[in-house]
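The lines below spell out each chain.
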Amino acid sequence: MSSWLWQRRRSRRMNCMQVARVLQSYLDGESDEFTARRVAEHVEDCRRCGLEVAVYREIKHALARHDTPDAATLSRLRGFSEALMGSGPPDDQVSRTPSGDGA
Amino acid sequence: MDTGDRGARDKAFAQYVLPEVEVLLRVAMTLTAQVADAEDLVQDTLLRAYRAVDRFDGEHPRAWLLTIMRRAEMNRHRRRRPHLLDDPDTDLDRLASTPAGPDAGPEEIVVGEAFDEVVDAALADLPDKHRQVVRLVDIDGLSYAEAAGLLDVPEGTVMSRLHRARKRIRARLTAAGLAPKRGVL
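Those sequence lines, one after another, are chains A and B.
Just so you know, we're using our numbering here: the first sequence kicks off at 1 and counts up by one.
Just so you know, we're using our numbering here: the second sequence kicks off at 104 and counts up by one.
In short, the hints are calculated from the structure, not lab data.
Please note that the accuracy of each hint is not assured.
Label pairs and their computed distance ranges (CB to CB) [to be verified]: (1) A:Cys16 with B:Ala224: 23 to 31 Å; (2) B:Ala227 with A:Gly88: 35 to 43 Å; (3) A:Cys16 with B:Gly161: 43 to 51 Å; (4) A:Cys16 with B:Ala139: 44 to 52 Å; (5) B:Arg174 with A:Ser75: 36 to 44 Å; (6) A:Asn15 with B:Gly259: 42 to 50 Å; (7) A:Thr68 with B:His163: 23 to 31 Å; (8) B:Glu211 with A:Cys16: 14 to 22 Å; (9) A:Glu82 with B:Ala278: 26 to 34 Å; (10) A:Met17 with B:Gly259: 26 to 34 Å; (11) B:Asp157 with A:Arg13: 29 to 37 Å; (12) B:Asp231 with A:Asp70: 15 to 23 Å.
Computed from a predicted model, the values in this text were never measured in an experiment.
Note that CB positions come from ideal geometry on N, CA and C, so glycine has one too.
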């Protein structure tokens, strides 16, 4: 690679503070493709930022494992939806078990 | 409503709404924190969605449903809790700053059961508005735009609450010796 090209590429690289500003959006898949690529390049070379990415990724993973919706409630709500399609909405106030499944 | 209208409405409901029931329940749990309230809120949302689905253009059904849920939740609040919660953002600016020494701590992450327990405890200790955003994005899987629409706040507010909340979680992990102290982030 020519020295000019190397210098140009180097000047476009993000530093740690720039990465810090966009890191959370990057982790959430909310940054644009160009920014994501630049963050990924920096993180690959910078041990400190690489470690920060790893920590925040693990936090996200831990949170994602946090809750699963109650299966019985989910089942009742799906039943409710199917009852709506079968007979339409009631005219009166919302009732908890319109399908009459006794839940 | 004649049979044709009913058929088209049922078809649209099945196509756009049924696949989102689980997400709606997750989000409702985040908004209400009580299973019974969450179930009521989802039922209310489903009813409103069913009544409106024939006017829905088919674009971004999740965002459409979350808007309906937000309105339903606002009605619930008007009925039950007319006061607003204090905004914890200002205090959090002070609390969220992580004291990061230049050369402290082992540079490794200790992932395991203890890691998850510290994250859960830190999540529980967050101010309501910050915990809510973390749950919506990291647990319920909403985008920033979807969370912002649901909460009726700018996307920037979602981002800043999320970032501060994660910094606090990270600080708790550091204090527990499960994450390195160094970091500019």
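Outcome of the hint check:
For the hinted restraint 23 to 31 Å between Cys16 (chain A) and Ala224 (chain B), the CB-CB distance of approximately 29 Å keeps it satisfied. A beta carbon spacing of about 41 Å between Ala227 (chain B) and Gly88 (chain A) agrees with the range 35 to 43 Å that was offered as a hint. For the pair Cys16 (chain A) and Gly161 (chain B), the beta carbons lie near 44 Å from each other, so the given range of 43 to 51 Å is met. Range check, Cys16 (chain A) to Ala139 (chain B): about 48 Å between beta-carbon atoms, so the 44 to 52 Å window is met.
Arg174 (chain B) and Ser75 (chain A) have their C-beta atoms about 26 Å apart, which leaves the hinted 36 to 44 Å range violated. At roughly 23 Å, the beta-carbon separation of Asn15 (chain A) and Gly259 (chain B) lies outside the given 42 to 50 Å, and the hint is violated. Here the CB-CB span from Thr68 (chain A) to His163 (chain B) is close to 25 Å, well matched to the stated 23 to 31 Å. For the pair Glu211 (chain B) and Cys16 (chain A), the beta carbons lie near 19 Å from each other, so the given range of 14 to 22 Å is met.
The hinted window of 26 to 34 Å between Glu82 (chain A) and Ala278 (chain B) is violated, with their beta carbons roughly 49 Å apart. Evaluation of the 26 to 34 Å hint for Met17 (chain A) and Gly259 (chain B) yields a failure: the beta carbon distance comes to about 19 Å. A hinted range of 29 to 37 Å for the beta carbons of Asp157 (chain B) and Arg13 (chain A) is inconsistent with their spacing of about 53 Å. The beta-carbon spacing between Asp231 (chain B) and Asp70 (chain A), approximately 22 Å, falls within the hinted interval of 15 to 23 Å.
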